[in-house]
Amino acid sequence: MNEGTVTTHPLPLQLRSDGTLRHLLTLEGLNRRQIEQLLQRAQAFVRPLGATPPATRDLEGVTVANLFTEPSTRTRVSFELAAKRLGASVVNLEVQLSSRVKGESMLNTIYTLESLHVDVMVIRDAEAGIPGLVADHVKPHVSVLSAGEAHVSHPTQGLLDALTILQRKPDLSKLAVAIVGDVRHSRVARSAYDALTRLGIGELRIVAPPVFMPEAGEMPGCARHTTLAKGLKDVDVIMMLRIQKERMSQASLPDADRYFAKYGLTPDRLQLARPDAIVMHPQPMNRGIEIASDVADGPQSVIRDQVRNGVAVRMAVLAEVIANRGSLPPA
Amino acid sequence: MNEGTVTTHPLPLQLRSDGTLRHLLTLEGLNRRQIEQLLQRAQAFVRPLGATPPATRDLEGVTVANLFTEPSTRTRVSFELAAKRLGASVVNLEVQLSSRVKGESMLNTIYTLESLHVDVMVIRDAEAGIPGLVADHVKPHVSVLSAGEAHVSHPTQGLLDALTILQRKPDLSKLAVAIVGDVRHSRVARSAYDALTRLGIGELRIVAPPVFMPEAGEMPGCARHTTLAKGLKDVDVIMMLRIQKERMSQASLPDADRYFAKYGLTPDRLQLARPDAIVMHPQPMNRGIEIASDVADGPQSVIRDQVRNGVAVRMAVLAEVIANRGSLPPA
Amino acid sequence: MNEGTVTTHPLPLQLRSDGTLRHLLTLEGLNRRQIEQLLQRAQAFVRPLGATPPATRDLEGVTVANLFTEPSTRTRVSFELAAKRLGASVVNLEVQLSSRVKGESMLNTIYTLESLHVDVMVIRDAEAGIPGLVADHVKPHVSVLSAGEAHVSHPTQGLLDALTILQRKPDLSKLAVAIVGDVRHSRVARSAYDALTRLGIGELRIVAPPVFMPEAGEMPGCARHTTLAKGLKDVDVIMMLRIQKERMSQASLPDADRYFAKYGLTPDRLQLARPDAIVMHPQPMNRGIEIASDVADGPQSVIRDQVRNGVAVRMAVLAEVIANRGSLPPA
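Respectively, the protein sequence lines represent chains A, B and C. Read in order, the letters of the first sequence correspond to residues 0 to 330 in numbering that gives the first Met the number 0. Read in order, the letters of the second sequence correspond to residues 0 to 330 in numbering that gives the first Met the number 0. Read in order, the letters of the third sequence correspond to residues 0 to 330 in numbering that gives the first Met the number 0.
Chain A extracted, bound-state conformation (with noise of 0.2 Å):
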């Protein structure tokens, strides 16, 4: 299936003994029928642009922690949003997990926020293996759902992504995704290979230069291209991946005019996949490094679809993770 990712912890624990969903660390665990089962139910909150959004009270009672290291991303944000649209307490939280950190433990935190009555603590910090490990260690009423876990796994956009694809081009097994720019430090490339693959995608490719290449053993089965002219030709789907410019300032590397210039997805490029491929980016994008504005902007762009289904998948996982552990003692 995938053995070669580059997970630090093992992965035994993302489901309860009756095979529900307690966890989301990453999508390695799960099968084919685990993951449509939760798209379907991500594809029950979408709505369109504009329309008010879906109200439950799925969630009433439950408390959400948002644990993140920064605490303005468009990923809390979004994680917050759903958890509130099902009726939970969300509090926020700016920590640092990191076993580095020192005089605060991460134990110390997870068990603060468990007898605090926190239901699901969301996590994204910079350091691999730090959601996984919490989740060895939270009670069993309590899930860990990862929200970017340093370049590993970032599982809720791999849904996302899976879902954005399904919603223009339902039969996977057809189509031809190319996964393009920096996959070597990528967790949203790793988490969409993890989706597509159990889902049957007909073909994944990766296009990057060599330095942004992922280890030889890596998501395997994927062919490799270092140019755009071989690895767009007529695909379906382009994920764009966002470059670290501060990666940039490395010898190896081109700077940002350079690798725009060799990369960067033109509305020319775009001409090389099929007629009606579709365009993606997990944003923050950097605009004129790895992709013009004229694409992200244009009528092949589905870049707000991710970020609409982002919430709809949350709001998936959260409604799932928290029916299956089945009723808690009465308050």
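It is possible that part of the hints are untrue.
Same chains, same label: a pair holds when it works inside one copy or across any pair of copies.
20 Å max Cα-Cα, derived EDC-like pairs, lysine to aspartate or glutamate [what the hints assert, rightly or not]:
| no. | residue 1 | residue 2 |
| --- | --- | --- |
| 1 | K173 | E27 |
| 2 | K232 | D267 |
| 3 | K83 | D256 |
| 4 | K138 | D293 |
| 5 | K229 | D267 |
| 6 | K138 | D304 |
What the hints contain is simulated information worked out from the structure, not anything from laboratory work.
Given chain A, put chains B and C in place with the hints provided.
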């Protein structure tokens, strides 16, 4: 009307085609009737100190995002409470929308929030033109409210100032109002000017040291005075402005003590005005620089009324823009 | 009773004229019956880990403002959840109320919040006297709750500590309690002293190195020990305190390793106490400095109970001060 104002964006877009309010970016585009209706709506939300604040479900299912460059301002809290008391969901984001900020473009942020089903974006930004720019780009069901735009405009402050005066002195045509202090850099002064001139104020005076006077063409119709002795003579309303102490360090400016000696509002100087004159300040105050504590907390001060009216005005504006947009497709 | 405490503000104002609780600034002004009633009310809000937390509408229509100098503390989250579970609206502000802070005065902030119809101000400040000063200035319908005042007082912590002991060992008159560590700088120790002495604790000991001993007159009635060997002998309750590592750098103080060697609570030293002794810590813990992880997470630790009881105590205090104020004029 008010042609000399320094706004840098065109202003057609505050109203819907049916003439109802969609955005609130500045008071310039509004006529007397529209302002009076907003104030009437606001008055219905006013409660005395110590009474239970009003609570409605006018914004049930509506999501309001507060986009402030720094989150801990009283205006952010005022908007947050206004929205919550109308039943809205509120998310706070600390963001820099300014076009100068690299990496994450303003439009990315706006489109993302739109896709998260945010209905109202409340924006404070230090760069002129940002709220208008956002309003130009959002979908028809989204409203943009300025919570303070550079030195240009602070429309809800203008409304709450007008409301505060009207509560004490209902016939504006008979009043003389002095705006005192750093008028040149003040969005509060500009929006007060807009509100009061549209409402038919009797007399409006600017009282400032020469370095704090607005440009020659600005605020037409106002008498200009450089001394309190003349400027406050027989006025009914004194609107003090906040002095930016950081500007005090410039060579051309006196230090705080010398400023207070010449332009600080003391009990003695308050005697220059009519005996029943009221004293206003947009806050935060520099006690001992532009205003003496005896005056700020004295019987003629209506500064706390201004704060209370601020929530009511923001509730009115929120209720108005949402009521006007018609019903959305159901959830 | 407790005359030697270092509070710098007078304390008459916690109770209303009818004797009911209005503010909670310190436990000094409360008598045994009042503390017992609060603890009884809190106990009704306690749920086992994994149970649904209680949810009431006792604070419906009430607005609670958390005023913390830094927002990401567990105490802020505990107050926020307590207020939300009672149905209140909560706003979080990061503010410096200290009188030393220039520009924006504390009173400006307080009057503003009052005018925004904030009913309860929860205040944490590093400067002694601030909560009392605020309480002296707010209108009669507003309550002020201290969430930790300098080294002086932390009344909800004192209550939750007492509740935690009572849950395990109901007859306080038979207990020996040791407070261990940096007692000199600890508001936790002072509030525990206040609570336990009022509740008729059998024996209260202070165990600290000489530099961490409180002033001679403070905490009358406590035996003082400078070694764990004597201090922990046969006690029923060990209350460990957090060591401020920044104080470790002073010449007079040992480093962390040497402190742990002498004053750290290890499994071996725990044997000095009674076999059924419980171990407490206000958190955040410095594992390996004042307490060994084996003890912190061991079977005698009730540290997680303290956190859980903290929400219950804060719910009780919030419900109490609001219930007592009588009904406001209707909205």
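Problem - Intra- versus inter-copy proximity for D304 and K138 (alpha-carbon distance at most 20 Å) - result: Between copies only: 14 Å across, 36 Å inside.
Exercise for the section: Measure nothing new, just compare the shortest in-copy and cross-copy C-alpha distances for K173 and E27 to 20 Å and report within, between, both or neither. Expected result: For K173 and E27, the Cα distance exceeds 20 Å both inside one copy (22 Å) and across copies (56 Å).
Exercise for the section: At 20 Å max between alpha carbons, let me know whether K232 reaches D267 within a copy, between copies, both or neither. Expected result: Result: close within a single copy only, 12 Å intra versus 70 Å inter.
Handout entry: K83 and D256: within-copy, between-copy, both or neither at 20 Å Cα
Key = Answer is neither: 42 Å inside a copy and 46 Å across each miss the 20 Å cutoff.
Exercise for the section: Pop the pair K229 and D267 into one bin, within, between, both or neither, using alpha-carbon distances up to 20 Å. Expected result: within (14 Å within a copy, 68 Å between copies)
Practice task
Evaluate K138 and D293 at a C-alpha cut-off of 20 Å and name the case that applies: within, between, both or neither.
Solution key: between (49 Å within a copy, 19 Å between copies)
Hints 1, 3 from the earlier list are contradicted by this structure; the remaining hints agree with it.
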